[in-house]
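Engineer: One-letter residues, chain by chain:
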Amino acid sequence: MKSNIIKSIRITLVLTVILCVIYPVAISLAGKLSKGRGDGETITVNGKVVGYANIGQSFTQAKYFWGRPSAVGYNAAGSAGSNKGPSNPDYLKDVSNRIDTLLKYHPYLKRADIPAEMVTASGSGLDPDISPAAAKIQIKRIADTRKLSVQQVTDLVSAHTEAPLLGVFGPAKVNVLKLNVALDALKK
Amino acid sequence: MNTELFGIIASFALMLVIGIPLGKYLAKMFAGEKVWTDFMKPVEQGIYKLSGINPNEPMNWKQFLKAMMCINLLWLVYGFFVLMNQDKLPWNPDGNPGMTADLAFNTIISFVVNCNLQHYSGESGASYLVQHYIFMFLQFVSAATGIACAVGLFKAFRDKTTNDIGNFWNYFLRAITRLLLPLSIVVALILTFNGTPSSYAGKDQFISLQGDTMHVSRGPAAQFIAIKHLGTNGGGWFGANSTHPLENPNYLTNITEIVSQMIIPIAMVLCFGYFIRRKKLGWVIFGVMMIGALLLLVPSIGSEIGGNPAITKMGIAQPTGAMEGKEVRIGPTATAFWSTFTTIVSTGSVNGMHDSTMALTGLWQLLGMMINGFFGGCGVGVLNYFIYLIIAVFISGLMVGRTPEFLGHKVEAREVKIAALITLLSPLLIMAGTAIAAFVFTNHGNADWAVKPSAWLNNPSFHGFSEMLYEMTSSNANNGSGFEGLGDNNIFWNVSTGIVMILGRFLPIIGPVAIAGLLAQKKYIPESAGTLKTDTITFGLMTFAVILVLNALSYFPALALGPIAEFFSMHK
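Top to bottom, those sequences are chains A and B.
Here the numbering used here is used: position 137 in the first sequence is 137, and no number is missing along the way.
Here the numbering used here is used: position 259 in the second sequence is 259, and no number is missing along the way.
Hints are computed from structural coordinates only; laboratory data are not their basis.
A portion of the hints provided could be inaccurate.
[As the list claims (entries may be wrong)] No farther apart than 35 Å at their CA atoms in a straight line, the calculated lysine-lysine pairs in the DSBU-like style are these:
1. K104(A) / K147(A)
2. K48(A) / K203(B)
3. K203(B) / K178(A)
4. K523(B) / K2(A)
5. K2(A) / K522(B)
6. K63(A) / K203(B)
7. K104(A) / K572(B)
8. K572(B) / K93(A)
9. K110(A) / K572(B)
10. K160(B) / K2(A)
11. K523(B) / K410(B)
12. K410(B) / K160(B)
13. K32(A) / K41(B)
14. K62(B) / K2(A)
15. K140(A) / K313(B)
16. K160(B) / K62(B)
17. K41(B) / K2(A)
18. K203(B) / K35(A)
19. K2(A) / K88(B)
20. K313(B) / K63(A)
21. K2(A) / K66(B)
22. K178(A) / K136(A)
23. K93(A) / K136(A)
24. K160(B) / K533(B)
25. K280(B) / K533(B)
26. K417(B) / K160(B)
27. K93(A) / K313(B)
28. K313(B) / K136(A)
29. K32(A) / K88(B)
30. K28(B) / K2(A)
31. K110(A) / K136(A)
32. K313(B) / K178(A)
33. K313(B) / K104(A)
34. K452(B) / K93(A)
35. K48(A) / K140(A)
36. K417(B) / K2(A)
37. K2(A) / K49(B)
38. K313(B) / K110(A)
39. K203(B) / K32(A)
The shape of chain B in the complex, shown without the other chains:
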């Protein structure tokens, strides 16, 4: 028990010890200052030359977003056709079939948008070619896309008045060559030397000790699992994700994987402060996010180590906590720890099955994804938080009766409208999506789909509702974890979550970058006694209150129908 607590304390400490200096490094590196990774310069210049890109060309926010959308659309189209035809393409040692159109639609969106919601199972649903050339490729570039867009936003606030928010290609490529790739190499090596397969061998077959014939899926997984965490992607090589003993063979790999999914989100927040030369702002945001994270983390751990009350009633010992859907080598404490971080940042990898966690743990997981701004995914976490900042600036401005300002720029109707629309988007997608799903489930239970709606839910009653709510929430947050009991590989879920994922990705990127671009063009107003300071603890608390109020108002009714109702039904 105590060693399990020490384990998560060590993981937490490591996140900070690595994440904080990484933030300073990123600020320097993206600003083009001298850093130790400058030895990558020749490689980058080679790539620019081969791609016909001039990395020094200034871009305004529209050009920046156009370049970003263009390459993302290319990946969507190209990947879609590869997924549908994987059976006809080489490098498919296990002979997996091509994906159906609706599954390919869902899957390609899922990987392009850094979500990694998986309606297929790695062992039987994807060839090695697809796993590496599509999925792993997209894990790198989707994370780099998010980071590049965040840095574009940072750049808008670095100078007083500017049209130039930096070059998309420059940030995008540097995010890969000087951040994601080097770290992936380190993590992949740790994994493979601890037992995660990294060779290209296909399935193996042998006779077990008891005399059963067994098949074991393998493959070059270590490379994939490294970037899956560093890039906050979360898609598993195997169906069971990081609960699988080959994806996460021991406690050391568990620490490695949980730490690697947190360091970039932590670093990006501090990078914001350092990059715009307002160190304190970065730390205030970091503080707000950390308080939010701990408020979700502590009760999650409490509810998991308390065990399942229904099993306690049967007289069974739960010395370490609830064990359904968990692994012995990891334990309930580390699973609860991981489940909080994987949902607040948008990784969505799991080291224990979320569907089987306690009712209230499920509540905290859902809330983490609904807020989606406590650290958040690579780059996009800061973008989501920026929207909360703008709303907080606006409300504060109303309260003191002055025109709201952010970092020396007036925030006017246009910017607030964009921020308000983005804020409303998440509740709309999540609630409308869940409502439609619940309607189809109750009224069209026999629709002739791959999985009949009446057979969607693996659990009855409140928990069944939570499965649908979780799927929509996870899609909107681009998280990708699931209450995996849901029968989701059918046209309804593939199409609906596909649409939710793509809207939930690009609008919350376009909105903040547009606001930043618009603000940056405005005249710079020097700070005066009447300026609302955004880098103070008071304003941090104000932002926290805004986050709390917005999310509580939006989601409380839905949460009350799912996890909260389940909790009370178990404890009555």
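In isolation and in its complexed conformation, chain A is listed as follows:
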């Protein structure tokens, strides 16, 4: 028994050096060669960081494309979904309210035009993307607010629609932050 304890302590120490020092430091060094230098990829406007490519942020103003509802208000120092069950009556009331809000700001929409992701909270609360359909329903509002032509905004959305992986795997998506940054650039 005693010999087992000593062996256990010694191998724990040796493995700690390998698994907790050498391995992570080596990966971290290799990560310096990646796009975001292993710190996370940022997006800058005029040299100032305005966000992370992969982290969604809150957009509430009419001139911007909106992202999905978030259970944590896009607080990226934490992350969580709503954890509401599908039959929860309070939750269904929330969804219903979100539909009403969307319809209020987009009076031209029918209910069947609204994709579910715009009225349901994401899993992380930080979802950076929306589907192309969810971007499409906002085009008219953006064009009206910014006094742009619908065509101009539509083209911008198409340009920012990311195809599935290799064109065949997984969903297509639109990164809301990148789209909005491009939208701001368009105005000038």
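For this one, chain A is given, so just place chain B on it according to the hints.
Structural biologist: This is chain B only, laid out in the frame that chain A set:
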């Protein structure tokens, strides 16, 4: 829609393409035959020397289990104190506080037993020191512990009659140096080059496009997420686990993570067959497990892409499926796919919130964890399945009126008793645990704990019951996923699930290894016309029937009160 289906088909194909050859490799490698990773030998010899270990010393099953328990107890004690004092230790850039005693108790058990049930949140609950030196360390070694114990069991059946089931340290270290570590390096690199942070920088702050001040938690996560999946651990670096866009930045990382959590469980099953020179047995077990997995997978996908019927009633389009708790870049199909595999193997990482999945998806998730033997966690999946095998051998023996035999050894009262006790353990822990929780919830709603029992549940009615059932099931299965709406960071859940996790880990390891050790010592009986062959499709189906009957009888009442009742209440 179609691209989402192609995505999971590709993931599934990759699991097989990598998992199957890996199984052959593992059998050779653990048997000590020549393999391409032999270049690790000098490193291993160095580690043995520094640790004072002789890897060639034979061990009987008792010595083997003693060594295993000893090092696991050491990790429990050492980790407990580090967790409680993380605020006083270095490398805590975000200034996170030390854990309370009950949270530290729960958390350290959770990581030692390969469960990774997390009652803290990564961003605010753990320093970088704890994340790497305790959690990531344990993710490697707990997976290696499970694999080593499974290989010990394999070894017992490789020779005709033997006392020696191999050296625990030898299997344990090889599992790390020749399997977990090399694969982790590959996966971590894929992740970091796709946007998962891997540097040691702390929280960042900036002004968003709209002018809000934002904070973003970061840290060396890619290293951690690689082993979290390969080792079927599942604990997230961030609170939201692999739904978090830094843990799982795009569809490629999603495929990488789901594939990496399945390859070792698949490989271990085939390794069993190759290792004991009964290839066919490995494939029959693989077949049974795969049928079980698909039977859980297909309806899960169906219920998620069907969308939430309550939202359909509101007239909203659900073109891809139910989106609550899911991410756009992953989509409902891949989330349903992942939710099945993460629950049948004991990973418990999530790429969408299980609490918000449809009622029947929740049912399949629960069932996957209750069975816990369709591939299962690293090493322990095979051990769990072995118990089902012994029960099936016993029942078959009774049916044909002969003394049951398994691989040339008589299975007698002692072995069957152990197997029966282990079989009964899971229902006992899950049901008794849930019953006590439900009792406390209804009768002591105002108990003065960190979260009052009356405030535990995030959802009312049947779904609320499912949250408690899920927590106990996940703990017993050492899965670690949760219906995360449950307010679980309080003394009741921390202590109760801590006890369930530790019993649900070590007894189902000790039982099978002991049975194997006992069988291996017995006289070898050569196969004859009267031998019950265990590597046939008939016997595979027999085992499947045993699994089905045992689990249906044990869990149907509880499942009827939770997800099944919720389903019917939504569709009435």
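Engineer: All hints, please: hold or fail.
Structural biologist: Hints, one by one, checked against the model:
| no. | hint | result |
| --- | --- | --- |
| 1 | K104(A) / K147(A) | holds (19 Å) |
| 2 | K48(A) / K203(B) | holds (17 Å) |
| 3 | K203(B) / K178(A) | holds (22 Å) |
| 4 | K523(B) / K2(A) | holds (33 Å) |
| 5 | K2(A) / K522(B) | holds (30 Å) |
| 6 | K63(A) / K203(B) | holds (29 Å) |
| 7 | K104(A) / K572(B) | holds (32 Å) |
| 8 | K572(B) / K93(A) | holds (19 Å) |
| 9 | K110(A) / K572(B) | holds (27 Å) |
| 10 | K160(B) / K2(A) | holds (32 Å) |
| 11 | K523(B) / K410(B) | holds (8 Å) |
| 12 | K410(B) / K160(B) | holds (12 Å) |
| 13 | K32(A) / K41(B) | holds (30 Å) |
| 14 | K62(B) / K2(A) | holds (15 Å) |
| 15 | K140(A) / K313(B) | holds (26 Å) |
| 16 | K160(B) / K62(B) | holds (19 Å) |
| 17 | K41(B) / K2(A) | holds (27 Å) |
| 18 | K203(B) / K35(A) | holds (19 Å) |
| 19 | K2(A) / K88(B) | holds (31 Å) |
| 20 | K313(B) / K63(A) | holds (31 Å) |
| 21 | K2(A) / K66(B) | holds (11 Å) |
| 22 | K178(A) / K136(A) | holds (16 Å) |
| 23 | K93(A) / K136(A) | holds (25 Å) |
| 24 | K160(B) / K533(B) | holds (16 Å) |
| 25 | K280(B) / K533(B) | holds (11 Å) |
| 26 | K417(B) / K160(B) | holds (23 Å) |
| 27 | K93(A) / K313(B) | holds (13 Å) |
| 28 | K313(B) / K136(A) | holds (23 Å) |
| 29 | K32(A) / K88(B) | holds (30 Å) |
| 30 | K28(B) / K2(A) | holds (33 Å) |
| 31 | K110(A) / K136(A) | holds (13 Å) |
| 32 | K313(B) / K178(A) | holds (34 Å) |
| 33 | K313(B) / K104(A) | holds (20 Å) |
| 34 | K452(B) / K93(A) | holds (25 Å) |
| 35 | K48(A) / K140(A) | holds (29 Å) |
| 36 | K417(B) / K2(A) | holds (32 Å) |
| 37 | K2(A) / K49(B) | holds (18 Å) |
| 38 | K313(B) / K110(A) | holds (14 Å) |
| 39 | K203(B) / K32(A) | holds (18 Å) |
Checked against the numbered hints listed earlier, the structure breaks none of them; every hint is satisfied.
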